[in-house]
Amino acid sequence: VPRVPVSLTRRGALGGLAAVALASCGDGDPAPGSRPQAGSGAGSLNSIVALEHATVAAWAAIAGALRGNARVQAEAIRRRELDHVERVSALVRDLGGTPPGGRPRREYAPQFPKLDNETAALRFAGDLEERLVRAYLDALRSLPDSEQRRAAAEIAAEEAEDLAVVAVLAGEPASQRAFVTGTS
Amino acid sequence: VSVTRRQIVVAALATGVVGAGPAHAEAGEVDQLGRLLAFEQRLEAAYRAALSGDAIDPALGRSLLAQEREHVRGVGLALEAVGRRGPDASPPPPAPQAALSTRRLFARFALELESEAVAAYVRALATLDAPDLLQPLGSIMASGAQHQVALRQLLDEPLLAPKP
Chain D
1 VPRVPVSLTR RGALGGLAAV ALASCGDGDP APGSRPQAGS GAGSLNSIVA LEHATVAAWA
61 AIAGALRGNA RVQAEAIRRR ELDHVERVSA LVRDLGGTPP GGRPRREYAP QFPKLDNETA
121 ALRFAGDLEE RLVRAYLDAL RSLPDSEQRR AAAEIAAEEA EDLAVVAVLA GEPASQRAFV
181 TGTS
Chain G
1 VSVTRRQIVV AALATGVVGA GPAHAEAGEV DQLGRLLAFE QRLEAAYRAA LSGDAIDPAL
61 GRSLLAQERE HVRGVGLALE AVGRRGPDAS PPPPAPQAAL STRRLFARFA LELESEAVAA
121 YVRALATLDA PDLLQPLGSI MASGAQHQVA LRQLLDEPLL APKP
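First to last, the sequence lines map onto chains D and G.
Numbering of the first sequence is given in my numbering, commencing with residue 1 and proceeding in unit increments.
Numbering of the second sequence is given in my numbering, commencing with residue 1 and proceeding in unit increments.
Where hints are given, some of them may not hold.
[Stated by the list, open to error] Chain G side only, calculated, beta carbon under 10 Å to chain D, not exhaustive:
no., residue
1, R69
2, Q135
3, V149
[Claimed, not checked] The following residues of chain G were derived to be distant from chain D, with all beta-carbon distances above 12 Å:
no., residue
4, A27
5, V30
6, R35
7, H71
8, E80
9, P93
10, L100
11, R103
12, L105
13, A124
14, M141
15, A142
16, A145
17, Q146
These aren't lab readings, by the way, just hints derived from the structure by calculation.
Built from N, CA and C at the ideal position, the CB exists for glycine as well.
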């Protein structure tokens, strides 16, 4: 009987999350039956919606591994990610598309690393937010409409704030770099 | 991870506007980059003044000042890359004296200025027609957003800003 790995590396976990996210939206293309045209930005936006759904599930798991003020902050960040799902989904709908829906939390959970202490949870949270910053900054290039780009920029700033909050919770300075590029 | 001069210049070269020269750079784009540079210069001057006047924790002040210097350099290079002059030699408006009278007042002043700067970056990123500058400028905006968290921490306020 094949054994399931006890825990994933953080990079492996993020790769797994990305795979689940992409599977949610058909490899980045608009969902079947949706009408957006090529170059409308729908593909990028759908990929982000799928990643944000996975992020919401991840933050629920992270919050579960934290206590006290750290848990309160994690729950606040999770609510912001839910807002991001709604905002980016609305952009897809504006293009006549159908944004990908979220999956049951249990389908994301196997992709998360083992979060058996606060340090592990905050490391995963930091990696997750780095990925989100990168996703939104990268998306700026592929979004043709100014309102799409405005939304991506505003959300990128919020993800950078979330990353700073994670650093503070880990006992580190909020702002450590002059250029926050995120990581993929 | 840092954005180097080469990265910004290469990014601008890829837009095609560098080779075209100043006459081909859109005035609106130059204005937007100029506004961003002005914000960064004001922030740099404010943190320098706060450090001189003991209006900010020295370690945090030195860190934020160093990052603002990098931002000034980065936006200046972006301006040069689109064929315009680099950082303005004229001094930016100084921080109001009242804002430097206590650490709390300075943190409030700096938080508002950082917030205005991030909003200016959002406007620029929404409309700039220079695709290869978007990611580098976005990375500076993201740093500014993190400065806000550091300042809210100083003010003992919620780290995440409430929704307007």
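Now the hints, each set against the structure:
Hint status for R69 of chain G: holds, given a least beta-carbon distance of 8 Å to chain D, under 10 Å. Because the beta carbon of Q135 of chain G sits about 5 Å from the nearest beta carbon in chain D, less than 10 Å, this interface hint is met. Evaluation of the V149 of chain G hint against chain D yields a held restraint, the C-beta minimum of about 4 Å falling below 10 Å. For A27 of chain G, the non-interface assignment is confirmed: its Cβ lies about 18 Å from the closest Cβ of chain D, beyond the 12 Å cut-off.
The Cβ of V30 of chain G lies farther than 12 Å from every Cβ of chain D, with a closest approach of about 18 Å, so its non-interface assignment holds. Consistency note on R35 of chain G: stated as away from chain D, and its beta-carbon is indeed over 12 Å from all of that chain's, at 15 Å minimum. At roughly 6 Å, the least C-beta separation between H71 of chain G and chain D is not larger than 12 Å, which violates its mark as non-interface. Against the 12 Å criterion, E80 of chain G stays outside the reach of chain D, whose nearest CB is about 17 Å from its own CB.
Distance to chain D confirms P93 of chain G as a non-interface residue, since its nearest Cβ pair spans about 23 Å, more than 12 Å. Look at L100 of chain G: its CB is around 21 Å from the nearest CB on chain D, clear of 12 Å, so calling it non-interface holds up. Non-interface call for R103 of chain G relative to chain D: holds, since the shortest CB-CB distance, roughly 16 Å, exceeds 12 Å. For L105 of chain G, the shortest C-beta to C-beta distance to chain D comes to about 20 Å, beyond the 12 Å cut-off, and the non-interface label holds.
With 12 Å as the threshold on Cβ separation, the claim that A124 of chain G sits away from chain D is violated: the shortest Cβ distance comes to roughly 8 Å. For M141 of chain G, the condition that its CB be more than 12 Å from all CB atoms of chain D is violated, with the nearest at approximately 6 Å. The beta carbon of A142 of chain G is not kept farther than 12 Å from every beta carbon of chain D, the shortest such distance being approximately 4 Å. Consistency note on A145 of chain G: stated as away from chain D, yet its beta-carbon is not over 12 Å from all of that chain's, at 4 Å minimum.
With a least beta-carbon separation of about 4 Å from chain D, Q146 of chain G fails to lie farther than 12 Å from that chain, contradicting its non-interface assignment.
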